[in-house]
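Visitor: Going down the list, the protein sequences come from chains D and X. Note that my numbering has the first sequence beginning at 1, numbered continuously upward. Note that my numbering has the second sequence beginning at 1, numbered continuously upward.
Misleading hints may appear alongside valid ones.
Simulated crosslink set (EDC-like; lysine to aspartate or glutamate; CA at most 16 Å straight-line) [what the hints assert, rightly or not]: (1) K55(X) - D75(X); (2) K108(X) - D75(X); (3) K55(X) - E43(D); (4) K55(X) - D105(D); (5) K108(X) - D99(D); (6) K112(X) - E84(X); (7) K55(X) - D33(X); (8) K65(D) - D75(X); (9) K55(X) - D99(D).
If you anchor each label on the Cβ, the simulated ranges turn out as follows [claimed, not checked]: (10) F27(D) - W99(X): 20 to 28 Å; (11) S63(D) - V88(X): 38 to 46 Å; (12) K79(X) - Q13(D): 30 to 38 Å; (13) L15(X) - E43(D): 22 to 30 Å; (14) S116(D) - E110(X): 28 to 36 Å.
Computed list of chain X residues with no C-beta within reach of chain D, every gap over 12 Å [what the hints assert, rightly or not]: (15) S22; (16) Q27; (17) D75; (18) K79.
Hints listed in this document are in silico derivations from the structure and should not be mistaken for laboratory results. Idealized CB from N, CA, C, for every residue including glycine.
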Amino acid sequence: QVQLVESGGGVVQPGGSLRLSCATSGFTFSRSAMHWVRQAPGEGLEWVAMMPYDGSYTEYADSVKGRFTISRDNSKNTLNLLMNTLRPEDTAVYYCVKDDYGSLDYWGQGTLVTVSS
Amino acid sequence: DVVMTQSPLSLSVALGQPASISCRSSQSLVHSDGNDYLNWFHQRPGQSPRRLIYKVSSRDSGVPDRFSGSGSGTDFTLKISRVEAEDVGVYYCMQGTHWPWTFGQGTKVEIK
Numbered sequence: 001q002v003q004l005v006e007s008g009g010g011v012v013q014p015g016g017s018l019r020l021s022c023a024t025s026g027f028t029f030s031r032s033a034m035h036w037v038r039q040a041p042g043e044g045l046e047w048v049a050m051m052p053y054d055g056s057y058t059e060y061a062d063s064v065k066g067r068f069t070i071s072r073d074n075s076k077n078t079l080n081l082l083m084n085t086l087r088p089e090d091t092a093v094y095y096c097v098k099d100d101y102g103s104l105d106y107w108g109q110g111t112l113v114t115v116s117s
Numbered sequence: 001d002v003v004m005t006q007s008p009l010s011l012s013v014a015l016g017q018p019a020s021i022s023c024r025s026s027q028s029l030v031h032s033d034g035n036d037y038l039n040w041f042h043q044r045p046g047q048s049p050r051r052l053i054y055k056v057s058s059r060d061s062g063v064p065d066r067f068s069g070s071g072s073g074t075d076f077t078l079k080i081s082r083v084e085a086e087d088v089g090v091y092y093c094m095q096g097t098h099w100p101w102t103f104g105q106g107t108k109v110e111i112k
């Protein structure tokens, strides 16, 4: 079965950096686009970033463009999110999500990122 | 960016009664391939979201048939024919036609 397991969350000071990872199994990772979606505490869902199966381009939400970088390693079935210049408003649970062409079909359990001094 | 507007934002429904959630987009969600990439997700407290409906009306495997999606263009609806206790939580619509993908604010469903 499809499994998506995020890691790397934690507490970081404003202006700091953090790298999230998502280990995947149960599907052909190298053929699937992948996304990050986040959810601030008590708030709704916000799409963050996408990378297609071959890593040929990226898409980002305006709120993270220029600060976050999505990447993937198809040899390790792993998706990453490098987050720089973090702000308090980046505090959220970050979900790794599998693409299903115009949709998101499988979600990880999420990893919490807290940006606070 | 495409703004997704859900209504109502909260809903209190008696067990066995129907429920309906509206989702309107600020632009047409018709993709160049002719599909409307409108999705519905359900999130129970403390859990990750789960997809219920994709491409307006296609139900995911394992989703009860009391859930149905309809609509086209800019106007979409999720209906629950008879609400059950396990249906509580927050429902989100999301468009996957235009970048960046965007979610509605969410509709909280509780049992009356």
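Visitor: Could you grab the alpha-carbon distance between K108(X) and D99(D) and see if it respects the 16 Å cut-off?
Guide: Violated - the C-alpha atoms of D99(D) and K108(X) are around 25 Å apart, more than 16 Å.
Visitor: Keeping to a limit of 16 Å between CA atoms, is the pair of K55(X) and E43(D) held or broken?
Guide: At roughly 25 Å apart (the allowed maximum being 16 Å), E43(D) and K55(X) break the hint.
Visitor: Are all C-beta atoms of chain D more than 12 Å from that of S22(X)?
Guide: holds (16 Å)
Visitor: Does the alpha-carbon distance linking K55(X) and D33(X) stay inside the 16 Å limit?
Guide: Distance of about 12 Å is within 16 Å: holds.
Visitor: Has the given pair, K112(X) with E84(X), been kept, meaning a C-alpha gap of at most 16 Å?
Guide: This hinted pair holds, its Cα atoms lying about 11 Å apart.
Visitor: With d taken as the least Cβ-Cβ distance between D75(X) and chain D, does d exceed 12 Å?
Guide: holds (18 Å)
Visitor: K108(X) and D75(X) were given as a pair; does the straight-line alpha-carbon distance stay at or below 16 Å?
Guide: violated (19 Å)
Visitor: State, for the Cβ atoms of F27(D) and W99(X), whether the hinted interval 20 to 28 Å holds or is violated.
Guide: holds (23 Å)
Visitor: Hey, K55(X) versus D99(D), does the alpha-carbon distance stay inside 16 Å?
Guide: holds (13 Å)
Visitor: Run the distance test for K55(X) versus D105(D): straight-line Cα separation, threshold 16 Å.
Guide: holds (12 Å)
Visitor: Taking the CB of K79(X) and the CB of Q13(D), does the distance hold inside 30 to 38 Å?
Guide: This hint is violated: roughly 47 Å between Cβ atoms.
Visitor: With 28 to 36 Å as the target window, see if S116(D) and E110(X) comply at their CB atoms.
Guide: holds (31 Å)
Checked against the numbered hints above, the structure violates hints 2, 3, 5, 8, 11 and 12; every other hint is satisfied.
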